[in-house]
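Engineer: Protein chains in written order, with my numbering: chain A, 1 to 345; chain B, 1 to 345; chain C, 1 to 345; chain D, 1 to 345.
Since the hints were made in silico from the structure, they are not lab data.
There is no bait here: all hints are sound.
Identical copies look the same in the list; a pair holds intra-copy or inter-copy alike.
Listed next, the in silico EDC-like pairs over lysine to aspartate or glutamate satisfying Cα-Cα at most 20 Å (straight line):
(1) K2 / D322
(2) K254 / D220
(3) K307 / E193
(4) K271 / E250
(5) K271 / D281
(6) K46 / E277
(7) K2 / E21
(8) K306 / E193
(9) K254 / D273
(10) K77 / E94
(11) K98 / D281
(12) K163 / E193
(13) K229 / E94
(14) K222 / D273
Protein chains: 4
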Amino acid sequence: MKALVYHGPGKKSLDDCPKPEISAATDAIVKVTKTTICGTDLHILKGDVATCQPGRILGHEGVGVIEQVGSAVSAFKAGDRVLISCITACGKCEFCRKQMYSHCTTGGWILGNSIDGTQAEYVRIPYADTSLYPIPAGADEDALVMLSDILPTGFECGVLNGKVQPGNTVAIVGSGPIGLAALLTAQFYSPAEIIMVDLDDNRLEVAKRFGATKTVNSKDGKAAETVMKMTNGRGVDTAIEAVGVPATFELCEKIIAPGGTIANIGVHGTKVDLHLENLWDRNLTITTRLVDTVSTPMLLNVVQSKKLDAKLLITHHFKLADMLGAYETFGHAANTNALKVVIDM
Amino acid sequence: MKALVYHGPGKKSLDDCPKPEISAATDAIVKVTKTTICGTDLHILKGDVATCQPGRILGHEGVGVIEQVGSAVSAFKAGDRVLISCITACGKCEFCRKQMYSHCTTGGWILGNSIDGTQAEYVRIPYADTSLYPIPAGADEDALVMLSDILPTGFECGVLNGKVQPGNTVAIVGSGPIGLAALLTAQFYSPAEIIMVDLDDNRLEVAKRFGATKTVNSKDGKAAETVMKMTNGRGVDTAIEAVGVPATFELCEKIIAPGGTIANIGVHGTKVDLHLENLWDRNLTITTRLVDTVSTPMLLNVVQSKKLDAKLLITHHFKLADMLGAYETFGHAANTNALKVVIDM
Amino acid sequence: MKALVYHGPGKKSLDDCPKPEISAATDAIVKVTKTTICGTDLHILKGDVATCQPGRILGHEGVGVIEQVGSAVSAFKAGDRVLISCITACGKCEFCRKQMYSHCTTGGWILGNSIDGTQAEYVRIPYADTSLYPIPAGADEDALVMLSDILPTGFECGVLNGKVQPGNTVAIVGSGPIGLAALLTAQFYSPAEIIMVDLDDNRLEVAKRFGATKTVNSKDGKAAETVMKMTNGRGVDTAIEAVGVPATFELCEKIIAPGGTIANIGVHGTKVDLHLENLWDRNLTITTRLVDTVSTPMLLNVVQSKKLDAKLLITHHFKLADMLGAYETFGHAANTNALKVVIDM
Amino acid sequence: MKALVYHGPGKKSLDDCPKPEISAATDAIVKVTKTTICGTDLHILKGDVATCQPGRILGHEGVGVIEQVGSAVSAFKAGDRVLISCITACGKCEFCRKQMYSHCTTGGWILGNSIDGTQAEYVRIPYADTSLYPIPAGADEDALVMLSDILPTGFECGVLNGKVQPGNTVAIVGSGPIGLAALLTAQFYSPAEIIMVDLDDNRLEVAKRFGATKTVNSKDGKAAETVMKMTNGRGVDTAIEAVGVPATFELCEKIIAPGGTIANIGVHGTKVDLHLENLWDRNLTITTRLVDTVSTPMLLNVVQSKKLDAKLLITHHFKLADMLGAYETFGHAANTNALKVVIDM
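Pulled out of the complex, with its shape left as it was, chain A reads as follows (with noise of 0.2 Å):
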């Protein structure tokens, strides 16, 4: 079957590759129907990723429908069409039984990265009956590519540990497709405010149309001030990382109101600084998180019920067999105006 293979920093290529077999009771294989990229795809091709090694297939998001299943698996069947989620969970851990799937002691971010992944004709997935979703009947399936990760994402680490409330003020800092995913998903909650903040204005524009309430263009340096005139000088309730350098998050530090959240959902490369000399007094929260995939159920209902458009954030569209040029147009977002691109089968 053709792949997306990763050879080491810098090199990947469309492959032929061996279809994947069922290896334990409690695996499906799943014939993709449609993938997508995501941000750390690139983090792995620029060698970031250490648990990602040479001759891996890519990807962790997708849909298809299921073409074998386990012994040991009861909840689908061959035929049945299904969502992947990007975290694997055995069910049964310690992690998992809290619903910290991330965390799954032999699951969690594994798609892609320590076994093979989406970005393929076939994948197989461990865990089947609690890593898959059913598809709903006559859902839309381009929709559903954006439930594997990026939306669940958005909406956990940032909107459900930021606490975003109704009247709240909210600031999302990083305006990129998981920034875009939070605030999307932050008005589930009908905060008064959201405040997008970013370097782009064509991105800012987007987040204007997807509902943010006022946009802050950080080039000029004077972020933090600008965000606190907007609030009176009160700051935000919510402050949401979605960058993951310190510059963005010591914004984040900054424009925080007393008794506020501020949720990180950045991927950091390096340490920041927690200026507790300020805030040691500000009874604040700051949370992180990998995505537990816990809200795909909720996020499949309020999809299905048209309160949330998922394919806003889709732009892109290539087949398989143009996988290359689909990684050329994502890699390159600030050109091409690349959020999320779709790859059908």
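Based on the hints, put chains B, C and D in the right spot on chain A.
Structural biologist: Chains B, C and D alone, transformed into the frame defined by chain A:
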């Protein structure tokens, strides 16, 4: 009247000062019967607290008897015995309505800071109705002095924010008075393990008597390894920082289990390194807080019901006339083994 | 001044009454500019509310302008435009400190009940600092009249207590003004389905316009079966009772899913049957609540940010001189299709 | 093998039965080493539990040793010592994913009910990975038998649902084994007062030894008045119903303070009167629950850390051969003063 007055960095004396007077309808004048000294008073004396200017009477803890009330005070009358909260709350502002009294827009921590305090024969208490608590008949007033600040601080900033739960594992870094207050009040929630970390073997001994299940002397620089070993490599569910320097906060970062909470109590003078490169995907919560004293009525109940022996924290007694001796003893705790000193009028 | 006075069961008139005066330092006198009529006023007129004695000026909702404040009022001054809360809160008692203002030991629902109310040119508001809210510049005051009682009641007693969540299924039993207020505010949390149940097709039509996704006319006695069918036999996550009779509460018992919440808003005059023989093992929560108006600042934010069009609830306008006509229209809602009537002074 | 078999209302015997066999890949066969009898077993013997048909081996509590596991069981192997949960959980269904294992669509309370149970030499446990718990080395297995059902039931349905908090006042109505389990576990949260209500002075004596601060014998019909007097007319913050008849539930309605919680544990056979005419405005929460055994790992920690002496509940020991004698003793608790009886194989 006699009062302990701050005269600038390193300088204090027991002076004759004018007795305070009602200046707003919501004020009360309290005849102080017992007070104590807080670590924060030592910070002021080092010149670290800019809001506290020379000439200020220090002290934000104590019990006493109402001498006089302003015309708008309805909950108290002359002769009532009262507990003084270290936090003054108007009861009306945005923050008070959220029970975040520490950030009261016209109150908060002002006693012995921006207004004269309790280390005196009399003190003026603004917003008396919402800043004083009636002393139950038969209460031990020495014990109640511990409810002005140290016990609510340990409980709210450490235990409540730290989400201590039955069966959980807790580490408290710092076995001084505030860490010990966290230790005592953590036991309200029956954690399975409380690991106490400090440099001073004497304080660790005290911790054991107060209910710590394990102790770690961090002198050898291996506290993180030791705690990880004690928890079978899992880390602790709650890490309470009760010192206020980078090394102790960073120790908390190293020993916290996935899904855990770091609750900061310490007053920090400099930034700390937050290792988001390791922690971004650990599903952590980090909290800061200035005590709101919202738990004071509950703590009064618990002390009255004998579930908590607040007097354990008291090591020395002094008379107001010997206030300088009290400071001497409290300020050299390493030699005197002082925890809290009570000053009787 | 003119005021609507209750003269015992079935009797009311628009009388000339003395203008109220400051009687405590914490009082304010408010010149009422707009008021409205509540279903509770009709209950009083039936003689159902023992605490409300003949001679009482009715009304507990409205907006106005501060005419005069007592010496202890600090948050407001003459000329300030204010929203009047239906709940009077001292801000000091045990219940106020828990934000349970409805049970304030010297306040609670007293306006137009045990003290004179707002259906008058002027009203005395006790504890003004904690019972009035400043009206933001540029606000639509008609809309704000809906924030005195009906919107916080629908929101707090129905939506908050009912734990409405994104993606959930909600049933609201009763499509009168209070049920519709719950319907409007439930949408703050983006439930996937809101099923509205009533006997009146007109009100169900209104519910559809207000955002109900499904409606059920319960005239045929088969509402429970219908709702269960609509939910594929699962039942609803939240059932909000907005009528106040046994049949509607028991309908909620029949349609609630395991793990769900029944949130009672209705004012009940008799006991209901709680079928614990069926429900003891269903992991249910049942709540009751008198509105605390703790959400008023949030609702002000939401209305100001245009997330909620509170004016949707207003069907008629009257002048104070035609107060009796206003009661006539509101009291015969089945014929007049009245929801809320606004009375302008 | 020997097993206690239900033969229809009033009939049971110790029979020779075939040893159970693995019937699904997720099953385990456990050699039972200790079991016990539950009040529910007595209900079954009265013919009150329709799902339990004649021929059924009773019992849903116990500890044992794994004899054999199905091919899909990964967490246990033959020879492992295990605690059997009274609740069987597939770990995959909608309810299991919410940790509401009691409502598992193919599990829940089935042991000794719709499938054969633990009062036998061997038992088949479906979904072994998610329905058994490893026994820590050195644990006292008598104590652990109390963790199959009674302690998690008292804790989850009574204490957790009842939101017992430090400093609060709790009443537990019913001082039988389940009420006493609530009493023991309520103390995890350090309430200031626990008032125990029962008709039997002996059981109230036991309650005092177990930590009740006050006891009320309700024989005189004045329990409500007595509790209200004990709480200075305020009522209790939490009322736990641990009997299951209308009178005891209605007692809870009478003694609950505004803002309080009634947590039902009792298994009810008929409806109760819910006096909403008095309670609609009291800001109450009423909960029902079948135990989910979600707290079992925590309870194991607490028992291991000696914070809870689970063996206090055990009054008698029997051998399996004398199973009928064990029922006789347990079934006549008023005379035998039996709480829990442990049956050793």
